[in-house]
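Visitor: Sequence:
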Amino acid sequence: MMSQVKQNDTVRVHYTGKLTDGQIFDSSLEREPIEFTMGQGQLIPGFEKGLLDMKVNEKKTIEIPADEAYGAPREELIQEVEKSQLPEEIKPEPGMGLVSKSPDGREMNLVVKEVKEETIVVDGNHPLAGKDLIFDLEVVEIK
Numbered sequence: 001m002m003s004q005v006k007q008n009d010t011v012r013v014h015y016t017g018k019l020t021d022g023q024i025f026d027s028s029l030e031r032e033p034i035e036f037t038m039g040q041g042q043l044i045p046g047f048e049k050g051l052l053d054m055k056v057n058e059k060k061t062i063e064i065p066a067d068e069a070y071g072a073p074r075e076e077l078i079q080e081v082e083k084s085q086l087p088e089e090i091k092p093e094p095g096m097g098l099v100s101k102s103p104d105g106r107e108m109n110l111v112v113k114e115v116k117e118e119t120i121v122v123d124g125n126h127p128l129a130g131k132d133l134i135f136d137l138e139v140v141e142i143k
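Counting from 1, one number per residue, gives the positions in the sequence shown under the UniProt record's numbering.
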């Protein structure tokens with residue numbers, strides 16, 4: 001009997017992640033498959049849900065709505081920051097990535113949305129927030 005992916009299984013998976021326009025944003029095909037344990041919340045919910053009941057060597061394409069991926073963009077993660085708060089060597093440009101440290105030491109990735117005279121607008125949302133995603137999956141191993 002072929003085993004199928006279920007909760008708490010450790011699985012190795014090859015994947016290619018695409019946007020609905022076909023643009024590929026990530027793929028494991030050029031490197032090792034990812035390995036993770038189902039049900040521990042390490043991956044977006046829709047990805048794990050799509051893997052349930054798949055067998056080894058099975059391939060499948062799944063569509064994940066934004067709310068089962070990185071969620072909707074959150075307004076409170078978009079902020080305006082005084083340029084004077086930036087390290088001097090940084091010359092902000094739209095699209096540039098920045099890392100901000102919170103007082104408790106957590107790092108947050110930000111993207112510069114807009115550069116104004118005295119301030120910049122930064123977005124702390126995941127770059128894929130608000131987007132529906134498509135994944136080509138292939139189960140390589142179930143441990």
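Treat the hints with care, as some may be off.
[Claimed, not checked] Below, simulated DSS-like cross-link-like pairs (lysine-lysine); rule was C-alpha separation at most 27 angstroms, straight line:
(1) Lys91 <-> Lys113
(2) Lys113 <-> Lys59
(3) Lys49 <-> Lys59
(4) Lys91 <-> Lys6
(5) Lys59 <-> Lys131
(6) Lys83 <-> Lys6
(7) Lys101 <-> Lys6
(8) Lys49 <-> Lys6
(9) Lys18 <-> Lys91
(10) Lys83 <-> Lys59
(11) Lys59 <-> Lys101
For the record, the hints were derived by calculation from the structure and aren't laboratory data.
Visitor: Against each hint, give a clear statement of whether it holds in the structure.
Guide: Hints, one by one, checked against the model:
1. For a cut-off of 27 angstroms, the pair hint linking Lys91 to Lys113 stands: about 13 angstroms separates their Cα positions.
2. For the given pair, Lys113 sits about 38 angstroms from Lys59 by alpha-carbon distance, which is inconsistent with the 27 angstroms threshold.
3. For the hint linking Lys49 to Lys59, the alpha-carbon distance of about 14 angstroms falls within 27 angstroms, and the restraint holds.
4. Between Lys91 and Lys6 the alpha-carbon distance is near 48 angstroms, which puts this suggested pair outside the 27 angstroms criterion.
5. Note on Lys59 and Lys131: the hinted pairing holds, with a Cα-Cα distance of about 23 angstroms set against a maximum of 27 angstroms.
6. For the given pair, Lys83 sits about 49 angstroms from Lys6 by alpha-carbon distance, which is inconsistent with the 27 angstroms threshold.
7. Using a Cα cut-off of 27 angstroms, the hinted pair Lys101 and Lys6 is violated, with the two alpha carbons roughly 37 angstroms apart.
8. The suggested pairing of Lys49 with Lys6 holds, with an alpha-carbon distance near 10 angstroms, which does not exceed 27 angstroms.
9. For the hint pairing Lys18 with Lys91, the CA-to-CA distance comes to about 31 angstroms; that exceeds 27 angstroms, so the pair is violated.
10. For the hint linking Lys83 to Lys59, the alpha-carbon distance of about 48 angstroms lies beyond 27 angstroms, and the restraint is violated.
11. Of the pairs offered as hints, the one joining Lys59 and Lys101 is violated, with about 40 angstroms between alpha carbons and a cut-off of 27 angstroms exceeded.
In terms of the numbered hints stated before, the structure departs from hints 2, 4, 6, 7, 9, 10 and 11, listed from lowest to highest.
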